[in-house]
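Protein sequence lines correspond, in order, to chains B and L. Counting along the first sequence from 1, when you hit position 85 you're at 344 in this note's numbering, and nothing is skipped either side. Counting along the second sequence from 1, when you hit position 213 you're at 472 in this note's numbering, and nothing is skipped either side.
Simulated from the structure, these hints should not be mistaken for laboratory data. Even for Gly, the Cβ is constructed at its ideal location relative to N, Cα and C. A few of these clues could be false.
These stretches of chain L come out as covered by chain B in the derived footprint (C-beta under 8 angstroms, 3 or more residues) [what the hints assert, rightly or not]:
1) 335-343
2) 352-362
3) 387-398
4) 490-504
Distance condition first, Cα-Cα at most 30 angstroms in a straight line; then the derived DSS-like pairs of lysine-lysine [claimed, not checked]:
5) L/K364 - B/K459
6) L/K279 - B/K287
7) B/K419 - L/K419
8) L/K364 - L/K279
9) L/K459 - B/K419
10) B/K419 - L/K364
2 protein chains.
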Amino acid sequence: MGDCICAERMINSTSNPQIKNLIQLQTKAKARKEQGLFVAEGVRMYREAPRGRLVKTYVSESFYGKEQNQALFSGQDVEIVSDRAFAAACDTRTPQGVLCVIRQKAYELPELLQAKRPFLLLLEDLQDPGNLGTIFRTAEAAGVTGIVMSARTADIYNPKTVRATMGSVYRMPFCIVSDFAPVMAALREQHIRTYAAHLKGTREYTEADYRTGCAFLIGNEGAGLSGELAGMADTYIRISMSGQTESLNAAVAAAVLMFEARRQRMSENTGAAV
Amino acid sequence: MGDCICAERMINSTSNPQIKNLIQLQTKAKARKEQGLFVAEGVRMYREAPRGRLVKTYVSESFYGKEQNQALFSGQDVEIVSDRAFAAACDTRTPQGVLCVIRQKAYELPELLQAKRPFLLLLEDLQDPGNLGTIFRTAEAAGVTGIVMSARTADIYNPKTVRATMGSVYRMPFCIVSDFAPVMAALREQHIRTYAAHLKGTREYTEADYRTGCAFLIGNEGAGLSGELAGMADTYIRISMSGQTESLNAAVAAAVLMFEARRQRMSENTGAAV
């Protein structure tokens, strides 16, 4: 009887309205914004999804058909989808068989500043979805307390970005701003020091002290930080490099800075030498 | 008259044998290996190509048609290719208009150990072409003196990898080995300390001293280092993480380790505290 009910309920067609809407959510930032939703793929992203924001879960017929997989969904309402229709709704080429629709969460800047020793990232116009997701993942690991992004930064809810965050998109507080000037003013007011990562920086990044409230400003992959935003920073820092390399990948540069801050913050030595 | 000669010489067809071979070199690791060649795309990769290893340069008709571009090729023998045939030979979707064929360069392990204070990376079965290229780029910037890769690591000459290296593929000495045991023995003999980056490591990576000869062992994205290789390392290290992140992206983890080593090596403080 159970099997019959499942089969009757199963979504079979790629023109089913739910599948069509999943495709919209996967491919169109505008649809995601209007509906306040995004899609996360894979078992891990389903497992880590905050239950209060989990709107709907779709499972492929063949994934659900394996008995050992069903325990994953016990007590949860899931929608079974034929493999073909499921694949159409996926961004990945070899879907694992689980897709979930998640409610977006909006933070306000003041929430990001409430941490005891704020540790922030300010991202200006980052373009690569994979880089952006990797930065979120790295930031959570480094202990970053919040991320502020310019409105021209890649969409955090792009499926490739969501995947690259490895779940950090659920947990990292972030907000999107159209103008950094009020942000910079708020940081200054709260004595959060701002560091512009800049190829023209003269101060080596290892020589600054990040143990108090701090924020790193990371610029666009090609153009770096705008002069306008860099000009508002307290300190220009640079990562000196060997060889003939002219720059680091944006996610790598951000990682090097964040983990130097983490190193200093973890250090029990609270004296001058860090 | 000059224009006429160009037009006569121009490759027009995607079935031209040179274009067909470029496609082979772009898409087949086997073809690259048999011919000992690889393809690099873009103006930057052309500019930085070691002239002694530059076998042939192809330029798209429209790129060559712009007078300001021709200075790039002064004194060099280039082959003009119609835009359509050129696009067929490219891996990138929006080709810049320059493609070059480069001779591969083979290094032997002893060459990698000749540096005064060797600083090595050992990569075991890394799978993502972009990660591998980013690691080469980061390694050059961090001052790494050589990279040893397992035979099952992604192909360094994959077009996506070559692109991600941003030219480091030309300059970073590397070799590919089928067995790490003799490598580890050679490192031990030369007092180069080996550090296995491992989620099970107990020693924080910031607590080790990398100022003498050192080598980091980096494992596969999904599986991490094999027990066999990790077991041969002098020291297990770990990068402790905040939040719920379980791991870092492989290129990010490698960057964090390499730049900590660089920080220590650059430090003028040669005492115990680093």
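Each hint, compared with the structure:
Coverage of the region 335-343 of chain L by chain B is violated. Counting CB-CB distances below 8 angstroms, 0 residues qualify, and the rule asks for three or more. Only residues whose beta carbon comes within less than 8 angstroms of a beta carbon in chain B count, and the region 352-362 of chain L has 0; fewer than three means the coverage is violated. For the region 387-398 of chain L, the proposed coverage by chain B is satisfied: 4 residues have a C-beta within less than 8 angstroms of a C-beta in that chain, meeting the threshold of three. Coverage of the region 490-504 of chain L by chain B holds. Counting CB-CB distances below 8 angstroms, 7 residues qualify, and the rule asks for three or more.
Our distance criterion of 30 angstroms between C-alpha atoms is broken by L/K364 and B/K459, whose separation comes to about 34 angstroms. For the suggested pair L/K279 and B/K287, the alpha carbons sit about 37 angstroms apart, so the restraint of at most 30 angstroms is broken. For the proposed pair B/K419 and L/K419, the alpha carbon gap of about 17 angstroms is at most 30 angstroms, so the pair holds. Only pairs whose Cα atoms come within 30 angstroms are accepted, and L/K364 paired with L/K279 is accepted, the gap being roughly 23 angstroms.
A threshold of 30 angstroms between alpha carbons decides the hint, and for L/K459 with B/K419 the separation of about 29 angstroms falls inside it, so the pair holds. With a CA separation close to 35 angstroms, the supplied pair B/K419 and L/K364 exceeds the 30 angstroms bound.
Hint compliance for this structure: hints 1, 2, 5, 6 and 10 are broken, all remaining hints hold.
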